[in-house]
Structures are given as C-alpha cells and as structure tokens.
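**Q** Next come the chains, spelled out residue by residue.
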Amino acid sequence: MTSISSVSAAFTGRDPGNRLYGPVPDVTEQSGYEPEHPKRVGFFTDTSVCIGCKACEVACKEWNTLPMDDSHGVRDALGDLSGMSYDNTGQLGANSWRHVAFIEQSRAVDLPMPSFGRPGDDRPHAHGMPAPDTGDLNSTATAQASVLNAEALSEFDPQTGQSGADKQVRWLMSSDVCKHCTHAGCLDVCPTGALFRTEFGTVVVQQDICNGCGYCVASCPYGVIDQRKDDGRVFKCTMCYDRLTDGLMPACATACPTQSIQFGDLDELQARADARLATLQDQGVETARLYGRDESDGVGGVGAFFLLLDEPEVYGLPPDPIVTTRDLPAMWKAAGKAALMMVGVAVTAIVGSRRPR
Amino acid sequence: MTGGITSPGAGWRQADRGPATQQTTRKRRKRGGGRGRGEVAMVDDVEFTSYYGRQIVKTPVWKSPDVPLYLFLGGAAGSSAILGALADVTGRPALTRTARLTAGGGSILSVVFLIHDLGRPERFLHMLRVFKVTSPLSVGTYILAPFSAAAGATAAVELLGWFPKLKRFGGAVAAVFGGPLATYTGVLLANTAVPSWHEFHTKLPFVFGGSAMAAGGGICMAFTPVGEAEPARKMAILGAGIELAALRGVEGSDSILAEPYHEGRPGQFMRAARACTAGGLGLAVLGGRRRWGAVASGALLAAGSLLTRFGVFEAGIASTKDPKYVVVPQRERMAAREAQRTSGAPAGDPHEARSVSS
Amino acid sequence: MAGVKTWLDSWPVYRQLTGADPFGRGSAARSKATDATVSRTATADKVVKSVCPYCAVGCAQNVYVKDEKIVQIEGDPNSPINRGRLCPKGSASKQLVTSPSRVTTVRYRRPYGTEWEDLDLDTAMEMIADRVLAAREKGWQVEDGPADNRRRVNRTMGIASLGGATLDNEENYLMKKLYSALGAIQIENQARI
Amino acid sequence: MPGLGASFGRGGATNFLEDLANSDCIVIEGSNMAECHPVGFQWVGEAKARGAKVIHIDPRFTRTSAIADLHVPLRIGTDIAFLGGLIKYVLDNELYFKDYVVAYTNAAALVNDEFVDTEDLDGLFSGFDAENNIYDETSWSYDPGEQDAATEQPAEAAEQEHEEDAPEVKASDRGQAAGSGGPPIPSKPHRDETLQHPRSVFQILKRHFARYTPEMVSEVCGIEPEVFEQVAQWVTSNSNRDRTTAWVYSVGWTQHSVGAQYIRTCSILQTLLGNIGRPGGGIMALRGHASIQGSTDVPTLFNLLPGYLPMPHADQHGTLDEYVADAAGKAGFWGNKRAYMTSLLKAWWGENATAENDFAFDYLPKINGDHSSYQTIADMIAGKVSGYFLVGENPGVGHPNSRMNRFGLANLDWLVVRDLQMIESATFWKEGPEHETGELSPDTVGTEVFFMPAATHVEKEGTFTQTQRVLQWRHKAVEPPNDARSDLWFFYHLGRILRDRLKDSPDPRDRPLLDLTWDYPVEGETQDPDAAAVLREINGFGPDGQLLNSYLQMKDDGSTSGGCWIYCGVYADGVNQAARRKPAKEQGAVASEWGWAWPLNRRMLYNRASADPEGKPWSERKAYVWWDEDAGEWTGKDVPDFERNKRPDYEPPEGAKAQDALAGTDPFVMQGDGKAWLYAPAGLVDGPLPTHYEPAESVVENAFYSQQANPTMEHIEGPWNRENPAQSEVFPFQVTTYRLTEHHTAGAMSRTLPYLSELQPEFFVEVSPELARLRGLSNGEYATLISARTAIEAKVLVTERVRPIKLRNGTVVHQIGMPYHWSYAGISTGDAANDLLGIVLDSNTHIQESKVSSCDIVPGRRPRGPELLEYVESYRRRAGVDSGRVTRNGGAPRVAPMDGQQEGS
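From first to last, the protein sequence lines stand for chains A, B, C and D.
Quick note, the first sequence lines up with residues 1 to 357 if you use the working numbering.
Quick note, the second sequence lines up with residues 1001 to 1358 if you use the working numbering.
Quick note, the third sequence lines up with residues 2001 to 2193 if you use the working numbering.
Quick note, the fourth sequence lines up with residues 3001 to 3905 if you use the working numbering.
Just so you know, the hints here were simulated from the structure itself, not pulled from any lab data.
Keep in mind it's a predicted model, so treat the numbers as computed, not measured.
Treat each hint with caution, since some may be false.
Unchecked claim - Cross-link-like lysine-lysine pairs, in silico, DSS-like; alpha carbons within 27 Å at most:
| hint | chain 1 | residue 1 | chain 2 | residue 2 |
| --- | --- | --- | --- | --- |
| 1 | D | 3098 | D | 3637 |
| 2 | C | 2049 | D | 3585 |
| 3 | D | 3430 | C | 2046 |
| 4 | C | 2066 | C | 2032 |
| 5 | C | 2066 | D | 3582 |
| 6 | D | 3585 | A | 39 |
| 7 | D | 3582 | C | 2138 |
| 8 | D | 3384 | C | 2138 |
| 9 | D | 3795 | D | 3806 |
| 10 | C | 2049 | D | 3795 |
| 11 | B | 1063 | A | 229 |
| 12 | D | 3646 | D | 3657 |
| 13 | D | 3384 | D | 3430 |
Unchecked claim - Derived Cβ-Cβ restraints for the label pairs, each shown as a range:
| hint | chain 1 | residue 1 | chain 2 | residue 2 | range |
| --- | --- | --- | --- | --- | --- |
| 14 | D | 3585 | C | 2066 | 23 to 31 Å |
| 15 | B | 1053 | D | 3861 | 20 to 28 Å |
| 16 | D | 3621 | B | 1053 | 47 to 55 Å |
| 17 | C | 2098 | A | 36 | 36 to 44 Å |
| 18 | D | 3524 | C | 2066 | 41 to 49 Å |
| 19 | D | 3870 | B | 1264 | 48 to 56 Å |
| 20 | A | 352 | B | 1225 | 49 to 57 Å |
Beta carbons: idealized from backbone N, C-alpha and C, even for Gly.
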C-alpha cells in the first residue's frame, strides 16, 4: 500500500518520483509494469531529410484503416485545395495520425561575399525583410550581376536549396505525430482509463473503453488527439501498438523512404539524434535543434521527438508545452480552499442570520 | 492570416538572432485591460509565428450549453446542499426544503447534461472503471456520484415524505460533497491545455465556488419565504462578491490570456454576467428582504452565475482558436527563463524580456 | 471466492489499489481487448512476394493474405532496392485492389447507346473476336507504298493497340506475338509517352 | 532511349539506383526524383549523408530541390545550352579524364570530310533536306578505315545504308532500335590518338561547343554565371580517378522536341568526365512506370521486336538476309543479330519456322512509316482505324492533347478498354469536356465499347522490369474478382478463340496465326495461362530442349529459340532468376542475387570501363571490376559487362567478327567500334551532335542560331492539334507539365483511391507571385489557362518556388507549373492539363514535347458549354492560328482553315 500513497502527489505537490512532472527514468515501470518490460520505444523524426512524400500519412491510414478527411479533419470529405503549399491534410486529428507540414520560405541573398572558409563561417548575411515587393522584376536582373559564394550558401542547411544566385528558397517539411509524452496530459485526464501507457512506454486509446468524454482533446498541449464526431470516441496515433506486439515497426516508419521517421528504442534514438544534431551543427546548420528531446522539459520529454530547422511554432508546434498536470496540486489545493471557503461562507451566512422564529 | 504562401522574404532571420518571425501575425494586444469601465486599455502589437494561422491546441469538443449548464447546475446544487444541511441543523425547514430540492434537482440535471455530453453516453459507467487523481473528471465522478445519489435521494424523500430519518444523513453526505462538487469544476476546466483556462487554474475554483454560492443562494433565496431566507441571501451576497472579486483576478490579469474574456461572444457573456451579478448583489443587499427583491435578485444572481459559466467556457474555447494564445505566452515564458539563466538576475517583466520583435 | 477475486481483478480500481499502478495510467487500466491485441500481420494465412505497380523503382512488396483477401501490403525489408520502404502510392496499393469504385464485371456500350449494359465475359470475348477478324479484314494491306515502289507489307491497318506500363513482360510478349501474327502493327505503349 | 543507345550501345540506365550511394556528386536534371521516385531517392540521401553534393537543375523548385545543395532554376527547354556550356568548360579547362577519353571513347575517331557543323550552317548540319525536313546522314559518318568496309560488306548492307535515309524509313524510328546494340556503322574508323586532327571527333566537339560560353548559358538559361560556375566546379572536381559524378534524368528530358539530344549532351559530358561504367557515376534514366523499361525491352512498340530488334521495314527487309545485313560482319554483339532474330522466329513459329521458309520471316508484317501512337490517333479521326485496344492506358487524360485523343476514340468502330476503374477513355462518349460543349454525344459517337475488368498486380503473376533493367517476379496473392482477368488471360484466350475460328482457313494470310506456338499451360478455374511458361519461352531453349543460360548460346541455324534475346538467362539453370529474393543483408552491395538484370545479370553496364586499359581499377576507391591475371578472368563486385576471359591486351585478329572484333580495351561492347560515342555518326536523325534549339512553342528567340527550333521536329496536322505560334504575344507564358508524389500519371490509379485523393484534392497550377500580380491571380482561387487547343481551369497555388526568368535583353519569361493527373472521373477531379497541350514530336523517338508549351492565364473560371469554343476561337483569331471549330466527332471545320484565318486577321 505504499504505492497507493504516492497518489497524494497529485494533491500535495510533493512528488519525489516525478509522477506529475519532470524527468522520469522509466515511465513504463512507473505505469505499473514489471521491471522486465520492453524498452521504451519512440520516433525520431529528422525533418532535415524529409521529402514531404506523405508515405507516412498513407501507410498509417492503410494500417489503421482510418477514413479519409479534409484539411479540417472532416471525415470522408474531400476538401478544396488548402492553399497551404502541398499540405492538404492540415492537422493531426482523429482521422489523420500523421501530418506532413509544408513551409515555404525564401529570402533574397545580399552579396558579395568574401573568401571561402570553413563552411558556415562565411555564410552570407541575409536581409531580415528583403525587397518584399518583388513586383519589381529588376531584382532578378541585379541578382544576375551579383557575386555569389554559393558554396557557403548551400551549407546553410539541409533544406535550403540555393535557388539561383539571388534567392534562397527553403521548403521545410515535417511529419508530425502524437508525441507519446512522458507526462501525457491526455492520459492523465482520462477518467475511464481508456488512455493508458503500454508496456512499450507509448500512450494508446483503448477503443473498447473510451466513452467519448472528450477531456483528453482539451488537455493535449500539442492538439493531437481528437474525437470522431459520428463515432463519439477519440482517436490518435497508437504507434501501431498491434504491430509492436508482433515485433514490427510502426507503419509510418516502415514506409518512410528517407528515414526521416526513425523508430526504435528511445534511448538509442536519442543518442542518434544527438549525433545527427552535432553533425549538422558542425556543418554550420545553426537552425537545427531537437524538439521534445529534453527530458527536463514541460512534458518530461516525449517519445516522438523531432529535429527541426526552425522554431517549433513555424511547424505548428507549441514552443514550450507543459503538461497541464504539473499544476494539478495547485489546482486541487485551490479547489479545496474554495470548497472550504464555501463551507465557511455558508456557516457565516447561517450564523450571521437571525434564528428563525 | 492564412495567407497561404509566405510572402517574399517575410521575416527571415539569421540563425543566431532571436525567434523566427515567419508568417508573423501582428495582433492588437490588450494589456492590463479590464480594469473597469472607463479605463483605457493599453494596447501594443504582438508578433508571433504560426503555421498558416492554424490553431495549435484542439478546441474542446465539449458541447454548449451542456457543459456550461453542468457547471452551473453542479455549482448551484453543491452550494445549496451545504446550505440545506446547515439550515436543517439550525432548524430552518423551509430553507432546508428549498435547498434540498435545489441540490437534488440540480445534481440530477447535471448528471443528465454530463452524460449527454459524452460521445458514447451508454458507456457512462466506464467512468467508474478507474479512480484517477490526475483526472478532475474522474475525481469529479466520484464526487458527483455520491453527491447526486445523496442529494437526489434526499430531495426525493423531501418530496415524497418517506424515510424522514434518512433525510438528515443524506443531506449531510450531500453537504460534504457539495463544496468539492462546486469547486472541482474549476479544476476540470483549468486542468487542460486550453490557454485561457489553464492560465487561471488557481483562480477558477474560487470563481466557480463564488458563482456557485451566488447561484445556490440566489435560487434558495428566491424560493424560500423571506423569513427563513436570510442565510441564503447572505450566502448569495457573499458568493456574488467572491465571484466578482475572483473574476477580476481573471479578467483583470495583464496576461494576453485574459484577452478572450473581453472579446467577442465570451466578452459579451462576461460583461452580462458581471452586470447581472453586480446588479443582483446590489438588489439583494438593498431589497433582498422583500419578497420581490429576493426573487428578482435571486434570479439575477443565478443568471449572473450561469452567464459566468458560459463566459468562462466560451473564453476558453476562443483561446484555442488563435495560435497566439499558445505561442505568445510560451515564448514569454521561455524568454523569461532564458533571461534568468543568462543574467542570473531576476527575470523582471517577462514581457520586457522579449524585445525581439517590433 | 475465486470468482469474487476474478471479478475484483477485472476491476481496474482494485488493481490500482493492490498493484504497482496506483495512478491507473498503465498496467491497471488495461482492458481485455488490449490484452488480446494481435497484429493482422501475425494472423495472415500467407505472405506473398510482389512488386509495386506504380513508378519504375521496383519496390518489393509483402502482400499479406487472410481468407483469400488482401489484409496488408507493405515494403519487403529484404529488398536491396527499397529496403522495405514505400512511397504514398505504394503504401496505398491495397486500395487498388479493394477500391469500392473498381469495376469487376464486363460493361458494354452498344453503338450510339446511351448507357452501359451488362455482358457475359464469354460472350464479350466472342464478340471481340468477331470484331478483330472483321477489322483485320477491313484494313488488310498486301502491299503498300508509292505507285512506283509497292512493297509487300502483309499487314492490317484496321487494329491498333495501346498498352500501359503496368503490363508484365509476359503480357507484352504475348500481345506483340499475337498482334504480329494477326498482322497488326500499330501497337504502342506508354513507353512512347 | 536512343540518346543512350546511340552513345553507349544500350538504351538503359547505365548504373543502378543503389549505386547512387557511391556518388560524390549527383546532378538531377530533367527529373523530380524526390517526388516521382521517392523510394529511389533514398540512395541520393545516402550519398548526401556521405558528403556528396546534390544539384537539382529544374525550372521549378521542387521537393527534390528542397534537399539539394543547389537548385539551378533554368528556363524551361534550355538544358542543351546548359550542358553544352559544361562540355565547353570541361574542354577549355582540360578537365576531362584524358586516359579514359583516349582509350574508351571515339574522341580520336576521324569524321568524314564532308561533314559540316551547325557552327557553319547557322544551326543546321550538312545534309539537310528542307523539303522533307529530314537529314541525309551520309556526311556524318566516320572517315572509313583503310580496309574499306564496302569490300567486306554484303551488297544488301550497302543498299540498306542508302535506304536508311529515305523519309519512310526515317519515319519508322530507327533510332530506338539502339536500345540494346548501338546503331550499326560500317567499320571501325581511322583514329588519331593525339586528338589533334582537325577532323577528329575531339576537335569537332571543341568547335561545335565553342559558342556555349558561360555568358551564353546564363543568357539562354536565364541563370547567373556564378551558378553555372558552381555547378561546373562541383561536377568537375568530383569526376576523376578517385571520384565520380552521376547524372539523373527522366521525362523532363525525353518529353522535348530535342529530347534524345538532351540525353546525348549529357552522355558526351559524362563520357568526357570518365563517369560511365564506374561506380557512383553513370547516367540514371529514371523510368516512370512499373515496367516501362520492360515495355521497350519486350516492346509493344510499332517499330520494335523484342530485344530491340527492329520491326522489319517494307523497303529494307524483304528477307531475313536483308534484315540482318547491316549487322553481318560487324564488330560487337550486334554482329549476332541473325542468331537473335532466328531464335525469336523459332520461339514464335516453332516447327513452322524452318531454314527453307526463311524461318517464317515473311510471316512478320512490315512497317513503312510512322505508325506511332499519335499518328494512329490522327488516322482514327480520319476513319482509317476500326478497332482499338486500350490495355491499362488512359489517353483521354494522360496523353498530350487528350481532346484530340478523345476525338480519335469517337471515330472507332469498336474499343476494348481493359482497366481497373471506369476511366475517362471508356466514358468519353457520355461524359467529358466535349460532351459539355456539344462536340460529342452518345447520339454522335458510334464507338462500341467493351470494358473488360483487369486484374491488379497482386492478382496475377509475372515480371516487371524496373528502371535499372532488373526483372522481378511477382507471385499471385489472390484471384481476381468476378470477371476481372489478367491481360495474359485476355490475350491468350483471344488468340485461342481467333485460332479456333480460323482453323480451317485456307487463306495464306492466316498462316502466321495458325502456325503460331500458342499452347501455354493453363491453370485454375479461370484457365489462366502460366506466366512462367511464357517467361521460359522468352528466355529460350537450346536444341535439346534445355533452357538457355546466355544469348551467346543462340544460333542462327534454327536450333535455338528465344523470345527476347536480351532476356536470355532469366531462366538460367532452369531457375526463374527473376524470382530470386535473397535478402540484401546476406549479399554484397550490388545484390546480384535479388531478381535478375539484363543483360546476363549485369547490374552496371560497361563496367569494364571501371578499370584502366590494363585492367586495373582507376583507383582503389572506385574499384568495381578488374582483370585478375592469375585467374585469367575479369572479376569484381558485379558480373563483368565484358567477355569474362578476354584479356585487356586482346587485339582482334584480321577478319574477326562480332564480339571477337572488339579489343580488350573496348568496354562498350554493343557498339560497332566498342567505344562510347562523343560524336554519333549514326543512330540519330537530327544530328550527330546536340544543338540548342528552342521548343516549338517557345516565347523566346533562339540566341544561338537563326534556326529557331529542331528542323526535323514532327508535326501532326489537323484542326484538333493547332500549334501556338512561337514568341506569340497572345500565348505569352511557358507552361510545363509534371507529376506529383501523391498521384500517378493519368490518375486512374490514384484519383480513385481515397488516401491519395485527399492528399492533393484538386487540379492546380503553380505560378510565381510576380505572374500572380501581373495577371491578378490569387492563391486558392480559380484561373483559366488558354492555348490554341482549348481552355481549362485550375486552382492557383502562388509560390516562390516558381520564378520568372529575366533575360539580359529585358524579356521576362513567366513559367507556369501544371501537374497533369486530373480529369472528370474519380474522387479527386479537375480539368485535364493535357487538354491544353498540342503534339509536336521528337523525330528520333516520336515522343511529344509536353514539357514546354505556351498559354495565357487569366483569373476566374473558364466559360462553360459552347461558349468555351467561342472563347478559344477568339484566342486563335488573335494569335493568327488556323481557326474554325471542329465539327461532329472532331471532323474538319466547315469553313476552310484559310478562310477562317483570313476572317480572323
């Protein structure tokens, strides 16, 4: 019964086991599995090699027999062209468990550039807001006369294609997915236990349990999980729990042509990601950063983390998500105080009133 | 906002300079607003980046009016149960009866609304599969279940006149759960990723607690003969005062997350709620001892409470639909953290720490 | 008593109280269906080796069959060409087979007809054979060329054919063989495009 | 692919996809590899991770560009100028791989002194016949060696060479027969190993490309000289003994009126750089469909028989002797043409093909002109064709000028469509744009249509040949549903029924059918023929009934059979080699035991060139195949594309023939001289060297020569195929068509699938912000595109990935991107991009120029119904194009075109 007392952490905030917040060495064991449980698995999505093919989206839908949907998640609907580059999926939701984001960026290059040097050292300066009105076609002509250090430019980062001499175009693509958080808001708030942590450390909805209360939808800091209106229940990435039980990789990682989506034991993926980041940084790709890798972040690190080439919000990701449960002790305390206050007020009201005749 | 493709060179930045501003949206930002009528709100520009203006967190799928009504009814029932039990032990049969009926009726109705809001109502009982302290809805279920059983049974007994001895026990049980029922709903909303709910997670229980008393007190006051209604009136007045004070802590916050409480439909709800509650409070103080005054002020307070629930609910909904409510506070948080880390000095105003844009 | 124990054990709250998962987040919350989870790759009757029919990279596919139905198609990890990976089209190739809009019966439109009609497969084959013979006859050329240079051509200009590039080599071979024996020469393929 | 065939001897990609990982620099040009071959692109990623430079040269910034180190946004249709500039750069700076060039190419060969270059004729080569728009290629030939070929040449061959230049023979597309076995040449040429002789290929090359200066390149291509310089630096610094550069192309090159010459230009460059036949080098032709390589190897093409044997031509090939005359006595493996052909005839007519009846050679029908797809469509409209089989093809959407294609279908007596879905080419009689305009309707279309449901790839067995010549066997997973049948079933049973019908026919014209070997074993309830039996027939049998192991075993005496000599060996040792699935991890990087590649399971072609003339690897780093003196054989990582025991120092004795006439230093074993051809003395109809011509519908004047476009370009004339005038102000924008990852060609295999449809739900065009501003187009809104053919509407995607090109003279060329997957059927629908396009053809290949055409674009939706016709007419009149609406079912306009034009002007 010592373990049962640990639930007091939710009310007291005294949480030595980091059951609500903070790094957790073994979240699977914390979720009640035997110490011999399988290692925690995850995704490392390296967006620097993503070609935006959407194989992950289709492979996921095929395996999980998800319905088609439009860019707003409406089931069985074929949307209009979204106009958001090549993204017609729009978002993660009940019917799309992988979503490839497409971000087009460009900037004019202001040259000349000096000497050749270590790649990255002599990267050209770019305008913050260069000639936004390119209605003036002369910009092309000036650029043609400019001097270029394309060598250095091209090193800018893996998804910056130097396009001609005058312009850098960057087309960021990133396959988003449920993060399978260490501290998963959806799982914490689920009142039925439909959401649970599997023996692989992933977070999954049990469809035979979910009663569609929708609490998880509001509690995901990434906006991942959603309800299927006609069905009533909520759906999200299961990291192909059924495939895992057969020793197979999830469908998306299996399909991914460029290994942008890597699946494996989380600790190994983390090491791989650290090495990849170091490589890119050595190459001068200063915009590269890992997202969700840090176990001391607001959700205790995630099971599906990313290498991004720009700020998270550019990809539609929250820059600093925190699991709502972190503040739960404070909330319970406030609620308790408020409840006591009510009693106090009621007593005051009674005591302060004249006795009825 | 969803311009589609980035405009030429929009906000490209050097890798080593501050946060990205691609697809930057400029928003009129109200700072320190809501200080009361006549006060000029300070406004400045907020810059943030988003993915085609798409929202980041999902909008809750909870339905309106089901959920606001649930919040309101639960609150009114909870506070009434407390009042009823106290009235019972202090020998106020009329007030006791009104309070018990309010508590019972409110709890049964709230259960109905709660179940109706489920995607799979027939699976309501799955709520009892587990008991999760991390889930306010689970905890709430274990509050609502005994409360509604006790309050419902008590009210039934009150109406039918059976097993009178059980009444006091039932009423006492309901009273024990009444407070938590009324305030846990604040946690229910706050314990989400909905920016304008979570931000005020320590305040919402007080808002809802005060609002519950205003509603419960108001209803009991309206339906109880003036002679016995004084405790109800006092509770309503005090509750309304607490509600207004706590709300001010929410609406008056200088966080950008207070903004949804002022704008659009939720803003209308909140203004109407404030008007009703303040009006009800004033009327209760001035004319609550008279029958018509009790009825009118009780109705106003109940309406104010109901509107508060709608306002808070809708404000949260609105805050999910614009990515700035996710990005800007988180960026500010990060900048403050960064400032603290690098300078070692106190973070100071986190808003100042983020001087990148503009 | 054992019955009660079993019953209690099936109640997650009891497992929360007695087990290692007091928060009810993991082992205690598992449902019966979860414990019975099985991958449909594991229950397939057979895995058939195939190749993706879209682009020409030649990605090897594993086709999982259960009760004579395709239940899954995915990349064959043994392939040196695709290493088990597939693009979105390859990943969608099961839908090629199971598509609800797929037409699996013979449809016939008579000359100047306004609607499709049903037709028996054998009848259709016989009707096509009739037409092939007639068209062959109609377009037959023994010789061709300018008047001063007539050359033996021994062919028909009445029949033409256009194949797609998802034809197998064996199919192309039989087509070319049959057409040539019939004297048809206007035999073309997507490869031209 | 005659470009490759004429250069190296085989029309297939020289390397294989996995080998791209060994590249030090990869140039992707004329291909959007990441989008169209995403899974193959992993090998580019692999190379990049190992430090290779990746360059993407394409008018649009695509998902390929996104991963590339450098994107070169050149103007559509200017690749020859760009590559020509690189050739000049390599020659001027002496950056070619000298030892390789001298030993393995025809740089030293001397050319006929009658040859005159485009330099001197302002864009034309010697021998141009302006009346017929064709060349007499005689003057392009090599300076014949001392032993005049004529003495050794059979009389028929000499006569045949003369006939090669007749218009009807030209039209029949000789070039494509170089798919395996380069074009025939009389003999080995004179050589000057110093490369200094003014008539040496090397010097001719220098003169020919003298104009292709960086300034000219940047002017014509619309790119900055610095970008050109960067490409040149990366490519040349990664092409030497230690390093190799690979070039990747696909239909971005072939679909031009100078398409074959695009590939030739690249071949010249890669040959000069010594990148052919070496790991990480080569030219990757990425083919677009599952077995499109197979469809040319075992062709359903009018001008080819299996194994790139030409279809007999009425003027040239009256007999088998005449047919093989060009190869008789020639060096290289083409010298065995008679054995290949005899084996094919034996495979088809078995016992009935005997030495006495010329092995039934006369049973083969003869061609005598262009009988290619587009000509056939024109013939259909003219009422010359009765019946048409569409077997998994949807020309009513997928072919340029699909409107003309639909008119063709409307004029047939009958049409058989074999497909999985109810495609537009089967429903044109009751739906579609012409139905809307009133040009076609069920009342007017008499075409009888049989829709015959087909089997999917998992419902039948057989082989696909993928882009790098690898055959892979597919096993049948399930039976096709209901009436659905494999195409093998259909043609086998159709043949069976026809033979049965005619079995008592005395007519000699029915003999070829009745004498045909057509007894394939059938299996199952549906009597499906055994595909393995067909593959065995393709492989061929020896005199004892044993399956052949190699085409070297084929005999010209009728003792062997074999349906496609280059596929001989696929059943080596009696085993279906294409069905081999030895896991990659259990074998080396070349993975020779996965499937089977033609020829003889060689994965990299010409790999003898990976070793120096002495047989040693050029460098350790790039070692691939080498001579093992102790074992007395070639060995290495792959099957040597060379006779295993031919010593590097082997010199052919006097009078040697076929392969024996090639030296130990002749890696290009299919070529008559064993060399890679920098200069193509034969094999291409539009010139021995590539020349920059503007596309037919270019909006720009040719800056190189006054010859604006390819003089030999083929036109299909008719009121349904009107051409936009070049440099027209009415059609001022260039438009290019392409594919998206999310869809497949004409869409029948993607627009009908929910999971693909939702990813790209609507037809759209991509325009630059500048063009959007110029024409008032908005992102996500409709625009109408107009050409002389028709007008179509599409949603607009405004993107900086498409950019206007500003030329130095101030001209701004706006380019519009237009994926072509859509039409009216399926889940995701839209207008058909191909309706906008006209048809002009590369005279070498009869492939259309769908990568460049011109149009106008305006905001908003197009007119509906008959108003659309009037709308397009107004454009035609303004542009001075023949006007007048086509009449019922695509017939000629009632008003004579000349009158119409006068009215308009």
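**Q** If a hint holds in the structure, say so; if it doesn't, say that too.
**A** Verification of the hints:
no.: 1; hint: 3098(D) <-> 3637(D); verdict: 25 Å, holds
no.: 2; hint: 2049(C) <-> 3585(D); verdict: 17 Å, holds
no.: 3; hint: 3430(D) <-> 2046(C); verdict: 43 Å, violated
no.: 4; hint: 2066(C) <-> 2032(C); verdict: 24 Å, holds
no.: 5; hint: 2066(C) <-> 3582(D); verdict: 25 Å, holds
no.: 6; hint: 3585(D) <-> 39(A); verdict: 25 Å, holds
no.: 7; hint: 3582(D) <-> 2138(C); verdict: 52 Å, violated
no.: 8; hint: 3384(D) <-> 2138(C); verdict: 10 Å, holds
no.: 9; hint: 3795(D) <-> 3806(D); verdict: 26 Å, holds
no.: 10; hint: 2049(C) <-> 3795(D); verdict: 41 Å, violated
no.: 11; hint: 1063(B) <-> 229(A); verdict: 12 Å, holds
no.: 12; hint: 3646(D) <-> 3657(D); verdict: 15 Å, holds
no.: 13; hint: 3384(D) <-> 3430(D); verdict: 23 Å, holds
no.: 14; hint: 3585(D) <-> 2066(C): 23 to 31 Å; verdict: 28 Å, holds
no.: 15; hint: 1053(B) <-> 3861(D): 20 to 28 Å; verdict: 27 Å, holds
no.: 16; hint: 3621(D) <-> 1053(B): 47 to 55 Å; verdict: 51 Å, holds
no.: 17; hint: 2098(C) <-> 36(A): 36 to 44 Å; verdict: 40 Å, holds
no.: 18; hint: 3524(D) <-> 2066(C): 41 to 49 Å; verdict: 20 Å, violated
no.: 19; hint: 3870(D) <-> 1264(B): 48 to 56 Å; verdict: 50 Å, holds
no.: 20; hint: 352(A) <-> 1225(B): 49 to 57 Å; verdict: 19 Å, violated
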